[in-house]
Each structure stands twice: as structure tokens, then as C-alpha cells.
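Here the numbering used here is used: the first residue of the sequence shown is 326, the next is one more, and so on.
Certain hints may be false.
Said to hold, decoys possible - Label pairs and their in silico Cβ distance ranges: (1) 515 - 414: 37 to 45 Å; (2) 465 - 359: 48 to 56 Å; (3) 420 - 371: 25 to 33 Å.
These aren't lab readings, by the way, just hints derived from the structure by calculation. Every residue, glycine too, gets a C-beta built ideally from N, C-alpha and C.
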Amino acid sequence: MKRTPRPERIVAFSDGVVAIAITLVVLPLVDTARDADLRSVGQFLADNAPALAAAALSFVVIANFWEAHHTVFERVQGITRGMLRTNFVWLAAIVFLPLPTVLLVGTHSDDRLGTVLYIGTMVVATSSLAVTTELGRRAGVVRAPEDGELSEATLRRRRWLPVVLMTVALVLAAAVPGVGTWALLVLLVSIPAERVWRVRGDRASRRRRR
Numbered sequence: 326m327k328r329t330p331r332p333e334r335i336v337a338f339s340d341g342v343v344a345i346a347i348t349l350v351v352l353p354l355v356d357t358a359r360d361a362d363l364r365s366v367g368q369f370l371a372d373n374a375p376a377l378a379a380a381a382l383s384f385v386v387i388a389n390f391w392e393a394h395h396t397v398f399e400r401v402q403g404i405t406r407g408m409l410r411t412n413f414v415w416l417a418a419i420v421f422l423p424l425p426t427v428l429l430v431g432t433h434s435d436d437r438l439g440t441v442l443y444i445g446t447m448v449v450a451t452s453s454l455a456v457t458t459e460l461g462r463r464a465g466v467v468r469a470p471e472d473g474e475l476s477e478a479t480l481r482r483r484r485w486l487p488v489v490l491m492t493v494a495l496v497l498a499a500a501v502p503g504v505g506t507w508a509l510l511v512l513l514v515s516i517p518a519e520r521v522w523r524v525r526g527d528r529a530s531r532r533r534r535r
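Construct the complete structure from the given sequences, taking the supplied hints into account.
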């Protein structure tokens, strides 16, 4: 029987891949600055504004996905083969993400394919994390919620809502001309939903203490 790595090893390996991915985001700009005939720093920033914007966007998005990954694995107490595979899917999306980000920032706004590729990569990353958690929960290797934490049903809704909203954004970006990344505004729906779930969780926690 094949043994799977311990959760802490998966987290350490994933952290290393994320660190490399974030580093690779800025390396092309370093090479450009080294090879360019710089007249002034301001001119360099103006000439490379799209690439700088893409690098900043990639950094923020990857950092948020990294935080979500740690949130998932805080409750993981074991790893199944399925979880290992879906984690590699997540890593593949993270490594690939800078490319559609550059295409998104550097191409014409009417080019829907760049937006679809960008949002699609985010859908893959988000859904692979959700599937990893779901597989772990079914295998009994994900810690159950404790007193004061959100219920399992609420956690499941919180886990899958971003996947659903990003999929809706993907469909909008692909089907509606001119929408572009504005389609991601549907993610704002998660803000009031999160507040409602938090209030319900607090009420349920107070009832359990009585």
C-alpha cells in the first residue's frame, strides 16, 4: 500500500511552490530593468506599467490563494491520494496564474479570451481547494468544527460559494461582450453572505453554551 505524505509536508511543499511562483512574477521585470537603457526611473515605470500592474495583481491573487490554502489545511489531519492529486491541481493553477494575468493586462479590453483564461484559472484554483476539503471530510481526516466555530454545513456553503460565483463570472465574461473582469464583481455577493453566516454561527454557539 502506497503511503501518502503527512499534511505538514504537503503544506511545506506547497509553500515552496507558491514562493517560487510569486518570485517568478517579478523576475521578468528585473531582467527588463537590467537590459534596458534607462533614461529615468519614471520612464521605466511608464514604459512597463502593464507588466507592473500584472505583477502586482498576480502577487495579490496568489497571496490570497495561499492564505485560503492554509485555512483549509489547518483542519486537515491526514492526506488521501485524492487530496494529494487535487492539491497538485491547485499548485498547477497557482504556477500558471501569472501567464493569464500578463495576457489580461497587456491585451486589448475587447479580447475576451484573456479574461476567460484568467477567471478560468481562478475557478480551477478555488474549486480544487474545495474538492480537497470535501475529499478529506468524507475520508474523516478533516477536523470537525469545535464550539465557537461555524457549523460544517455553513463551512460547506462558505467553501463552495466562491466556486459558484467565479463560475458565474466566467460565463458572463465569455458570453457578454465588454464585461471583462467586471464580471468578478459578482464575488461581492459573498460579503453579505459571510456576515449572515457569522451571525448565525455566533447565535448557534451561544445556544450550545446555555
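Here is what the structure says about each hint:
A beta carbon spacing of about 22 Å between residue 515 and residue 414 contradicts the range 37 to 45 Å that was offered as a hint. Range check, residue 465 to residue 359: Cβ separation about 53 Å, and the 48 to 56 Å hint holds. The hinted window of 25 to 33 Å between residue 420 and residue 371 holds, with their beta carbons roughly 30 Å apart.
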